[in-house]
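Take these sequences, add in the hints, and give me the full structure.
The sequence shown finishes on residue 1650 if you use our numbering, and the numbering steps up by one all the way, no holes.
Derived from the structure by calculation, the hints contain no laboratory data. A couple of the hints might just be wrong.
Here are the computed distance ranges between Cβ atoms for each label pair [stated by the list, open to error]:
1. Ala-1601 with Asp-1570: 42 to 52 Å
2. His-1366 with Ala-1578: 54 to 64 Å
3. Lys-1602 with Met-1643: 39 to 49 Å
DSSO-like cross-link-like pairs, simulated, lysine-lysine; straight-line CA separation at most 27 Å [said to hold, decoys possible]:
4. Lys-1214 with Lys-1317
5. Lys-1225 with Lys-1214
6. Lys-1462 with Lys-1317
7. Lys-1602 with Lys-1317
8. Lys-1526 with Lys-1602
9. Lys-1225 with Lys-1317
10. Lys-1358 with Lys-1462
11. Lys-1317 with Lys-1271
12. Lys-1358 with Lys-1214
Backbone N, C-alpha and C define an ideal beta-carbon position, used for all residues, glycine too.
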Amino acid sequence: MAVDMLILALLGLPLLASALVLVLRDRPNLRDGQALLIGLMTAACAIKLYGTDDGATLKLLSLAAGLDISFTPEPLGKLFALVAGVLWPVATLYTIGYMRGAGEKNHTRFMFFYAIAIHAAMGIALSGNLLTLFVFYEILTFSTYPLVTHKGTAEAVQAGRVYLGILVASSVILLLFGIIGVWVLTGTLDFKSGGILAGHIDPFYVPFLLGLFAFGIGKAALMPLHRWLPVAMVAPTPVSALLHAVAVVKAGVFTILKVAIYVFGIDFLRETGSSDWLVWVASFSILAASIVAMTKTNLKARLAYSTISQLGYIVLGAALATSLAASGAAMHIAAHAAGKITLFFCAGAIYVAHHLTDIKDMNGLGRVMPVTYTAFAFGALSIIGVPPLAGAWSKIMLMGGALDNGHLLVLAVLMISSLLNLVYLGEIVLRGFFAKPSGKMGHGLKSNVVQEAPLAMLLPLCLTALMSLALFFAVDMFILDFGG
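So this is what it looks like as structure tokens:
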């Protein structure tokens, strides 16, 4: 299949799935079955695209001279499309099990906006310029808002206000002005290997322009613009998985990394020292969010702050401005996606099977849910960075990038963060397998009887846990060379 047809398929298949969800709303088995089938087709197209070397551009619409809605699948974009494409059918199967097992209402509306969000993520991944990226960035924001407010409670509505307020305000006030600035300075918005800003801007002003992008891309949850992420945890667990692993936050850090590489250029950033300030902002986010995570006893809240910390790794990789660090950041997009979606899948399985949300109530639960807790351990060890799990490689590459750029203190940040990861994630595993049951593990629960979540939830979390293992051994396929 030609590259332009693969691009159209990756953009169009999620839209087809969303339309069929509405058409088949009164036939739930067909509605959910087609979504799963189209998800598998999307995954196949993403895998096919990742294996191609053709960087052909597909132009869909021209608004004015130099202002096009166009798509160019460069290596980083193909990696993000692969992550979103492969995880979508897995997340869809899990969603089917969760929504039915938890008795959630408005399943059709949920599946419709879920598919639109994947469409938007694909548009971001394959965007050929800043204008296209911005359009799909906004589509992703508005398509995920109904998912955050899905429950319809006062708490969910308030969370939606915070979610929409921060993400829209940051993109319109900061990101849009950054994009306009690039257009005024260079006369183009196209992504280009090596960047487009060198020779067009006084180095003194580069940190300010970078700041517009770093904080304007609110989905990256860089502190202090992170508050939307933990409050959005009021949404059903499949939404949390979408937010943290498949689309939203990954779209944020992917955008920061893409802008650093293809707009600023990592050589230009390193030579001018324009991203040094961002190194320390990202380092602060990494450590501060890890410390906050340790104080949370609600499982999803702890995982939310863990995500904020892990996103800091990817921003850090962009800010270090070396090829090795940027490659480590790209690898961390894939590694964190597999590990964190596993953790959220497990959190949802615990809720559906035993209606537990507080870590203090989960003592001994690992003996009742051995498959779920084993998968959780795999995901946790990858996030921590323990071999042979995928997160080990990305952290090693980031450390090497820090050495290349002479940022020795960043090594300490990464090591301290890994120790904090070990504490707040290791506690959950240890409580589950070794602590004495607290007596609050569900209604009438017997600690010697296995009571797992439905198979439609159990299978996806096992698959994603194995992905974290497989990524470690297939690392050569996911190391990208950005030069510099």
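Now the hints, each set against the structure:
As the Cβ distance of Ala-1601 to Asp-1570 is approximately 43 Å, the hint placing it in 42 to 52 Å holds. Range check, His-1366 to Ala-1578: Cβ separation about 36 Å, and the 54 to 64 Å hint is violated. Taken as a hint, the range 39 to 49 Å holds for the pair Lys-1602 and Met-1643, whose Cβ atoms sit roughly 44 Å apart. Of the pairs offered as hints, the one joining Lys-1214 and Lys-1317 is violated, with about 37 Å between alpha carbons and a cut-off of 27 Å exceeded.
For the hint linking Lys-1225 to Lys-1214, the alpha-carbon distance of about 20 Å falls within 27 Å, and the restraint holds. A hinted pair counts as satisfied when its Cα atoms are at most 27 Å apart, and Lys-1462 with Lys-1317 qualifies at roughly 23 Å. A C-alpha spacing of about 34 Å is found between Lys-1602 and Lys-1317, which places the hinted pair above 27 Å, so the restraint is violated. Under the criterion of a C-alpha separation no larger than 27 Å, the hint pairing Lys-1526 with Lys-1602 is consistent with the structure, at around 11 Å.
Annotation: proposed proximity of Lys-1225 to Lys-1317 is violated, straight-line Cα distance about 39 Å (limit 27 Å). This hinted pair does not check out: Lys-1358 and Lys-1462 have alpha carbons roughly 42 Å apart, beyond 27 Å. At roughly 8 Å between alpha-carbon atoms, Lys-1317 and Lys-1271 fall within 27 Å of each other, so this suggested pair holds. For a cut-off of 27 Å, the pair hint linking Lys-1358 to Lys-1214 stands: about 23 Å separates their Cα positions.
Checked against the numbered hints given earlier, the structure breaks hints 2, 4, 7, 9, 10 and satisfies all the rest.
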